[in-house]
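Chemist: Sequence:
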Amino acid sequence: MVNDLGKSGRPLASVPPGQQVRIIGFSGGRMMRARLMAMGLNLGQKVDILQNNRGLIIVSVNGVRVALGRGVSQKILTVPAELPA
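Numbering of the sequence shown is given in the numbering used here, commencing with residue 27 and proceeding in unit increments.
In case anyone wonders, no lab produced these hints; they're calculated from the structure. Glycine residues also receive a C-beta, built at the ideal position from the N, C-alpha and C atoms. A hint or two may mislead.
As the list claims (entries may be wrong) - Quick list of simulated restraints, FRET-style, between CB atoms:
(1) Gly81 / Met58: 17 to 27 angstroms
(2) Glu108 / Met57: 11 to 21 angstroms
(3) Asn88 / Ala60: 14 to 24 angstroms
(4) Arg56 / Gly95: 15 to 25 angstroms
Please model the entire structure based on the sequences and the hints provided.
Modeler: So, in C-alpha cells, the structure goes:
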C-alpha cells in the first residue's frame, strides 16, 4: 500500500501482536485523521501492537491503550519501528 506521500508500508490491521511499528500515513479522510490524531496516533508515532484479533485491534501509544476497529486500522499505514519514518 502507498500513502498520499508516495511512501509504502503495511496497514496496521496486518501487523501481528508483539510488534512495534511507526505510523507513516493515513488513507482516510480529514475527519478520520483528526480523530486518530486526537487519540495520539500521529505521523511518526511508534505504536505497540497488543492484540490483533478478528474484530478490534488494541495498541499502546505512549503507554495508553487504544482500541481500533478493523476498518479504521486498515487505513493506517505503518513500517517497522526501527525503519526511518
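Chemist: Taking the numbered hints from earlier one at a time, note which ones the structure violates and give those numbers from smallest to largest.
Modeler: 2
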